[in-house]
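One point on numbering: in our numbering, the residue at position 53 of the sequence shown is 47, and numbering is uninterrupted.
The set of hints was computed from the structure by calculation and includes no laboratory data. There's no promise every hint is true.
[Stated by the list, open to error] Pair by pair, the computed Cβ-Cβ distance ranges are:
no. : residue 1 : residue 2 : range
1   : Leu84     : Thr48     : 37 to 47 Å
2   : Leu58     : Phe0      : 17 to 27 Å
3   : Phe60     : Ala14     : 18 to 28 Å
4   : Thr78     : Glu28     : 19 to 29 Å
Backbone N, C-alpha and C fix where the C-beta goes; we use that ideal spot for every residue, glycine too.
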Amino acid sequence: MTPVQFTFSTAFLLGLAGLAFHRMHLLSALLCLEGMMLSLFLALSLWTLELNTTSFSAAPMLLLAFSACEASAGLALLVATARTHGTDQLQSLNLLQC
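With the hints as constraints, model all of the structure from the sequences given.
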């Protein structure tokens, strides 16, 4: 494993660990998801550069577009949650109350 691959794997695993362990606020969960998507985007971009083919060249841009859609949907949920509940803490959210 090259140092670049190790760096991107570590960045992804740190985002996953942050998502698993720091689940107090919705905003921190969204930031961890964005960090994971950014590390996947960079790893996929470098992978397509290493292959030297044009067949996978659109894959990083497609992943970035899906990441932007995920971020906008997450921020819309954050605003809606903050307006209805007054906080973004995940403990106050319950499926039976919403």
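Tested hints:
Checking the proposed 37 to 47 Å range against Leu84 and Thr48 shows it holds: the Cβ atoms sit about 43 Å from each other. Between Leu58 and Phe0 the CB atoms are about 23 Å apart, so this pair conforms to the stated range of 17 to 27 Å. Range check, Phe60 to Ala14: about 22 Å between beta-carbon atoms, so the 18 to 28 Å window is met. Evaluation of the 19 to 29 Å hint for Thr78 and Glu28 yields a pass: the beta carbon distance comes to about 23 Å.
Violated hints are absent here; each numbered hint is respected by the structure.
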